[in-house]
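Protein chains: 2
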Amino acid sequence: MEYRFSDRMKNLSANAIREIFKLLSKPEIISFAGGLPSNEGLPLDKIKEITQEILSSDKALSILQYGATEGYSPFLMQGLEYIKRAGIYNQSKENILAVSGGQQGIDLMFKAFLNKGDYALVEEPTYLAALHILKTYQAVPVGVKSGDDGIDLDDLEQKMKQYNPKILYLVPTFGNPTGKTISEAKREKIAQLCARYSVIAIEDDPYCELRYEGKRLRSIKSFDKTGNVVYIISFSKTISPGLRTAFAVGSKEIIRKMALGKQATDVHTSSLSQAIVEAYLRKGYMDPHLKKVIPIYKSKKDLMLQKMQEYFPEGIEYTKPEGGLFIWVTLPSHMDANELFMDAVAENVAFVCGDSFYPQANVRNNFRLNFSNATPEQIDEGIKRIAKVIKKHI
Amino acid sequence: MEYRFSDRMKNLSANAIREIFKLLSKPEIISFAGGLPSNEGLPLDKIKEITQEILSSDKALSILQYGATEGYSPFLMQGLEYIKRAGIYNQSKENILAVSGGQQGIDLMFKAFLNKGDYALVEEPTYLAALHILKTYQAVPVGVKSGDDGIDLDDLEQKMKQYNPKILYLVPTFGNPTGKTISEAKREKIAQLCARYSVIAIEDDPYCELRYEGKRLRSIKSFDKTGNVVYIISFSKTISPGLRTAFAVGSKEIIRKMALGKQATDVHTSSLSQAIVEAYLRKGYMDPHLKKVIPIYKSKKDLMLQKMQEYFPEGIEYTKPEGGLFIWVTLPSHMDANELFMDAVAENVAFVCGDSFYPQANVRNNFRLNFSNATPEQIDEGIKRIAKVIKKHI
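The listed protein sequences correspond, in order, to chains A and B. Numbering-wise (our numbering), the first sequence opens with residue 1 and increments by one. Numbering-wise (our numbering), the second sequence opens with residue 1 and increments by one.
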């Protein structure tokens with residue numbers, strides 16, 4: 001039968017990456033398409049130890065019961081400690097919400113703020129799921145120019161004036177898809193511009209702990225004096241994506257609205273997942289774990305950059321990120337990554353075409369590479385195959 | 001500052017029950033307000049055993065990684081077996097979606113179908129969270145009359161004609177809040193009416209396994225010949241609400257739209273939660289567990305009914321459910337449960353006022369009692385206190 005689906009679903013096709021996932025299930029494919037942390041980066045032994053402790057403790061039954069929408073209270077308390085790493089102090093439990101992964105944080109923010117037709121600014125290119133979620137609210141994304149140190153402040157201010165947007169969405173640290181980081185000086189100015197133009201910034205910061213070089217920067221939220229910034233920090237890249245845990249941090253009024261929105265969807269985040277991450281943080285497992293995994297990630301990133309230099313022809317540009325999971329490749333402007341893609345899959349190698357990360361999907365000479373979820377051998381061989389495909393099209 | 005929240009949030013106050021939860025945190029209160037399964041009904045030992053096995057198995061790392069939005073494949077396969085209990089056969093993996101609790105299933109269905117201003121039919125009274133979620137889509141709930149054996153078919157058909165609704169939302173078995181069950185003959189006719197008027201029925205069935213008397217009825221979905229019924233079955237009342245797991249079952253087209261909607265919110269349900277429930281079902285733990293817990297629930301239900309008969313004055317009516325978690329009390333029409341409520345809390349006993357379960361909140365002489373999460377002593381003492389309050393107001 002013909003179903004009468006809602007308007008918001010009409011232009012919603014599948015998220016490109018999650019569809020590629022399915023396409024790439026054949027084992028011989030070397031995939032640089034995902035955004036998965038390395039399996040070596042998942043602290044299985046510690047999670048096993050912790051989970052057994054939780055389910056043997058006197059809190060076990062309360063963890064299996066219904067919990068509060070706002071989150072498991074000890075988890076929220078750990079969260080308030082944890083965000084100090086990003087320079088965020090003086091928050092209370094009313095400023096924090098447990099969410100089922102960082103992406104739910106984005107969704108709840110859009111739900112809280114955006115009517116049909118409202119404008120949301122995004123860095124260009126930006127995280128494609130944010131664009132996907134915007135569609136479900138029939139909101140209008142407006143791209144803001146971005147340079148090597150992130151978003152262009154003049155263009156940002158101009159677009160704040162021109163569009164009167166409600167939301168600015170950013171991944172400021174090792175951004176997805178580019179791997180670029182917004183400088184600290186710019187972060188302070190972004191907070192100021194948001195305050196001046198009454199724009200709410202969503203600072204989506206899942207990669208901040210995966211820094212391989214340079215020094216940690218303060219979050220945009222740490223410069224927020226007016227309650228205009230909501231900070232989202234996920235544990236998917238540092239502990240486990242499968243557990244679906246993250247925090248949103250913001251003013252009491254915003255967190256309250258997000259909690260009402262969450263109450264009307266999944267009621268609360270899995271209490272077992274929250275309790276596992278709570279214990280992980282409380283026991284101080286995060287820093288030793290990062291110390292162990294960062295050299296692994298760094299060596300993969302360095303190897304991929306080295307192989308790109310070795311195999312890629314002249315005229316191909318790419319970012320050299322200080323952390324995160326991604327390298328962003330820019331082909332000469334006459335080339336189209338989408339045309340390369342099918343050839344690449346035929347060569348048993350995959351990436352994500354760059355147009356998915358643009359609000360209008362109108363820039364086609366980029367693609368995104370993930371280096372974290374491949375072996376050194378796969379990186380060598382995969383980059384060699386991509387170079388071959390590029391040479392065919394250049 | 002003044003935030004520019006979205007229109008959908010403007011009339012969204014907190015879900016009455018979840019707010020009562022917070023109010024009732026003082027330990028001396030006897031609460032019949034929740035919808036919690038009994039702690040004795042949570043199979044902690046089995047969950048502990050299973051979780052240890054999962055995290056020791058060769059699947060552990062893949063469970064900690066990102067998973068498919070549609071769900072963990074072995075969990076979906078178990079789901080296809082499990083729904084046969086409700087008379088639902090011949091479904092494939094494309095007909096089933098893992099969701100983060102039954103409530104997310106409702107949310108994803110409304111997201112997939114409802115535009116602002118669209119009509120949705122609900123039994124009167126109905127599950128209050130469904131009304132709450134409807135608000136977030138700015139859809140319009142229309143109440144349908146309901147008798148002792150559930151929804152009134154004449155009124156249902158008349159309202160299908162009058163409103164051209166997209167959705168009919170029902171809790172057909174031991175409904176929340178009334179505990180009433182729709183007869184099997186009516187179920188078949190509901191499926192036929194939905195097909196005739198192109199209405200999609202959401203059959204929300206979280207309580208079906210908690211049957212204390214009588215025989216199990218086939219689901220509405222089992223009578224669906226046209227793809228007009230979506231069946232939602234939760235494990236919150238039978239295994240653990242804290243794990244947030246449920247299934248939605250429907251036509252491929254609808255499940256696909258729900259998956260797209262889910263992709264744009266929490267990406268996927270906690271894989272650990274899915275794996276725990278998968279193993280629980282696979283190992284055949286459900287039936288022995290139900291056999292153990294049903295007598296416990298039944299004895300609480302019978303005790304509460306007995307105490308109501310003993311303590312309540314003449315003129316107070318209440319349902320005598322064959323299962324589920326709730327008894328629905330009807331006061332004489334001149335009385336207002338909301339006026340009783342504060343007196344009840346002063347007497348350290350609580351229930352949920354009935355008006356929250358009506359689309360227009362215009363029927364005020366009912367309240368809902370939960371019997372599953374109190375001890376026999378609390379049931380005796382709590383009903384005595386409520387009787388005292390009723391006598392004061394009658």
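One should not assume that every hint holds.
Since the list gives no way to pick one copy over another, a pair counts as held whenever it fits inside one copy or between any two copies.
Said to hold, decoys possible - List time: in silico EDC-like cross-link candidates among lysine to aspartate or glutamate, alpha-carbon distance up to 16 Å:
id	residue 1	residue 2
1	Lys391	Asp336
2	Lys291	Glu213
3	Lys84	Glu339
4	Lys116	Asp7
5	Lys215	Glu49
6	Lys59	Asp45
7	Lys84	Glu53
8	Lys225	Glu2
9	Lys320	Asp287
Since the hints were made in silico from the structure, they are not lab data.
Which earlier hints turn out false for this structure, listed by number in ascending order?
Structure breaks hints 3, 5, 7, 9.
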